[in-house]
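Start from the sequences, fold in the hints, and give me the full structure.
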Amino acid sequence: MRGNTIMEKILTPIHKAESRQSAVMRRLMVLGLLPLLMIVLCIVLGMIEPKFLRSANLINVLRNASFLMLIASGQMMVLIIGGFDLSIGAVVALTSVTTALSMNALIAIFPDSYLLVISLGVLAGLGAGAAVGLLNGFVVALMKVSPFMVTLGTLSIASGLALYMTQGVPVYGMPDLFTRDFGRMRIFNLPVVIYLTAAMLILIWWMMNHTKFGKYMYAIGSNEHAARVSGVKVTFYIVATYTACSMVAALTGILLTARVGSGEAGLGATLMMESIAAAVIGGVSLRGGVGRVEMVALGALFLALVTNAMNLLRVDSKLQTIVIGVVIILAVGIETYQSKRVKR
Amino acid sequence: MTTNTTLNPPTATGQSSAANAPLIDMKGIQKRFPGVLALDQIEFELRPGEVHVLFGENGAGKSTLINVISGTFPQDGGTYTFCGEALSNLNPYRARQIGISPVFQEFSLAPDLTIEENLFLGREISKGGVLNKSEMRTKVAQVLDNLGFDLSAKQRVAELSRAQQQMAEIAKALLHDVRVLILDEPTASLSERETERLFEIIDDLKAQGVGIIYVSHRMAEIKRLADRVTVLRDGRLVGTVEAELVSEEKLIEMMTGRTFEAMFPHIENRAGDTLLQTSGLTTRDRLVDNVDFNVKAGEVVGIAGLVGCGKSELARAIFGLEDIESGKIELMGQPVTRPSPAHMLKRGLCYFPSDRVAEGLALPRSVRENMTLAALDLKAFASRGFLKIKSERRIADEMIRRLTVAPGDPEKRVEFLSGGNRQKVMLARGLERDVKVYLFDEPTVGIDVGAKAEIYNLIKEMAEGGAAVVVISSELPEVIHLSHRAYVMHRGALVAELTGEEIVEATILAHFFDRDHLDEAGEPPLQDAG
Chain A
1014 MRGNTIMEKI LTPIHKAESR QSAVMRRLMV LGLLPLLMIV LCIVLGMIEP
1064 KFLRSANLIN VLRNASFLML IASGQMMVLI IGGFDLSIGA VVALTSVTTA
1114 LSMNALIAIF PDSYLLVISL GVLAGLGAGA AVGLLNGFVV ALMKVSPFMV
1164 TLGTLSIASG LALYMTQGVP VYGMPDLFTR DFGRMRIFNL PVVIYLTAAM
1214 LILIWWMMNH TKFGKYMYAI GSNEHAARVS GVKVTFYIVA TYTACSMVAA
1264 LTGILLTARV GSGEAGLGAT LMMESIAAAV IGGVSLRGGV GRVEMVALGA
1314 LFLALVTNAM NLLRVDSKLQ TIVIGVVIIL AVGIETYQSK RVKR
Chain B
453 MTTNTTLNPP TATGQSSAAN APLIDMKGIQ KRFPGVLALD QIEFELRPGE
503 VHVLFGENGA GKSTLINVIS GTFPQDGGTY TFCGEALSNL NPYRARQIGI
553 SPVFQEFSLA PDLTIEENLF LGREISKGGV LNKSEMRTKV AQVLDNLGFD
603 LSAKQRVAEL SRAQQQMAEI AKALLHDVRV LILDEPTASL SERETERLFE
653 IIDDLKAQGV GIIYVSHRMA EIKRLADRVT VLRDGRLVGT VEAELVSEEK
703 LIEMMTGRTF EAMFPHIENR AGDTLLQTSG LTTRDRLVDN VDFNVKAGEV
753 VGIAGLVGCG KSELARAIFG LEDIESGKIE LMGQPVTRPS PAHMLKRGLC
803 YFPSDRVAEG LALPRSVREN MTLAALDLKA FASRGFLKIK SERRIADEMI
853 RRLTVAPGDP EKRVEFLSGG NRQKVMLARG LERDVKVYLF DEPTVGIDVG
903 AKAEIYNLIK EMAEGGAAVV VISSELPEVI HLSHRAYVMH RGALVAELTG
953 EEIVEATILA HFFDRDHLDE AGEPPLQDAG
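So the protein lines, in turn, are chains A and B.
1357 is the number that my numbering gives the last residue of the first sequence; the numbers go up by one with no jumps.
982 is the number that my numbering gives the last residue of the second sequence; the numbers go up by one with no jumps.
Treat each hint with caution, since some may be false.
[To be verified] A few chain A residues facing chain B, derived, Cβ under 7 Å:
| # | residue |
| --- | --- |
| 1 | A1144 |
| 2 | G1244 |
| 3 | T1248 |
| 4 | G1302 |
Calculated from the structure, these hints are not laboratory results.
C-beta: ideal position from N, C-alpha, C; glycine also.
Here it is as structure tokens:
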């Protein structure tokens, strides 16, 4: 075709060179800062408090981080589509209570088949999570209510339900196979939850990068109108994302319940805030469209490290929440500053 | 999913007998939005292999019509037939499946995704929800290569220039089999060269029997491309004409409903003292580079130039909205150091931004509040921090009368007003205080013909009342017919100053483009500068 060569000459990629540089800078900022900070934190901690480097402590950090990584990767999905999920911690509580209560009820019916009781109990917990997620998704997608308000409402509903069902009393009596054998199971001396989390993170990474569902999440969060006119069934995928997020939270709730050994309406109270913090520290944009699960996992690890450091240094637990608050504001501040710079 | 090469769409079904049967046949189309009849009894027909131009003012209903055609929103009445089949419940997804590919002005690209991901958005090659990335990559490369666009599939859309985004958008439309291609002012952000390439692609597609709907109000493009032209005005069909048989003047008459010259008032030139002057003005981002410019009392000065040439930024820098690196600004003989909007307003200079929604108006607030927002520091409106609602209301009423804002209710929320009336609400801000210098940035973008004429008359009033008026506009006729003096801006610099009779389209256009590039191409600057 005539003009091909001329075109090539004219469209000299001025913009390209510039943008490539900024992309590299961005990547460096996002990827480089967090691991660097964590390494510095570890070295300093190891020097001040040798207990930090003991394997028991490191395993403890990893286990705590695992729960947070899981739930934060759920939060990440909702943030990527430009939403918000405040109900995530309440879902953990509701799941915990539902799982424990249904196992107790089932064990009376099938006293000998532990595996069946456990599977059904887990399914009930996941079902409770899915129900909250579906409700969140439908109200956000169909009624166009701000996700902030919707999930604030379901937060209240779910935690209210959990409290009402238990009257605030922990629910004991789940099969030992679940609480002792599974909850405290170790493989190669590492808690089983670490393996499960790793598997889930890989699954989510694969979903975000290699499936339509993942691509559509990014597209919807990036420009919902564009996704719609491109033929993406936006409403469906918004509902699906909220449901997936709640199911991941439910899974976290089940693992925590197994670990704690009882169903508790107070479980996961801090996880909502921490999940958002971990996601934002991991570079997820609050405006949607941007976020990678591997970075979110790093963000969660970072938060777990900071908490562990404060515990080892005997920082008052009331002061700890203040520190976490400061970290969150800093993370959001840096994120906003960066995205402004990139836009310029 | 089919994987044919892009530029080989399926030939029209039915071959010879149906060769001239219309691809699209619309009859009696109606579309209602809350409070407006956006389309009323529209007839539209598209044949295979033709370029059918949709022509009309902003707000005439062109965008609504192409949105109906591409399934973004359904029509409320009338029949829409595609290849002989009546379409109902069309949505964007189905429209693309049957080969209707729109290229919208506001891009359907997700900025955080790569070009590759965007091109396939909604139509990924996948199996059970799992993406086949390598196959998509091959196809994207092939399409970009075929089109001769210099884009890299891996780039994020947010990092592209507007022209590159436009090219990505076109590539997206052509990725799959196309039977109807809709282009909504595609050249608005393209360079001359890119435009020529686009026209070649259009010629190719025509030869393959693709029907092309082309929305534009650029005469040169219509002459170059159109087979037929359908003119819309205020949501109604004015007529469909053969492009060869109709003159430019006739088209403009059809579009505006009045003769061309009647729209622009004659403004007496009573140039007095220089009120605003810049020397060596350079902004930090270099979009304004070393600009010497002045405007006198009673004078209308036009600034013309391509999108992105820096003409907007010049006014914004003077008003204190862009960072200035060096240079001087003098307002009424007094030097201005570090301009800021509040400061400039106080000293009698007012800037009306082009993006009224983003920068001008608080949409959910009332007409009254919007009108007086910029004047609340005046004694007439506030004392000791308390507002005087009564005097606010009085002024608002007066402004509504003077500018004929419709509806005339000062408490009406601005979001319910049309583009023209919104602009009038904005302009009221400049009329409440003693302003000597007005800077208009695209004063008539997005507003209807009637309101345009009123705004031109307001500019006449201002200038003849002794104010200095600067009109920055991408609409050449505006600059040509209103200005006593005109500057042409190119890549941040003023490249020409024209006065009186010199201000004609050909002269201005000649200064629009970069010589180096033209020499390289070996083509005369603008043989079709209509």
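Hint check results:
{"no.": "1", "hint": "A1144", "verdict": "violated, 24 Å"}
{"no.": "2", "hint": "G1244", "verdict": "holds, 3 Å"}
{"no.": "3", "hint": "T1248", "verdict": "violated, 12 Å"}
{"no.": "4", "hint": "G1302", "verdict": "holds, 4 Å"}
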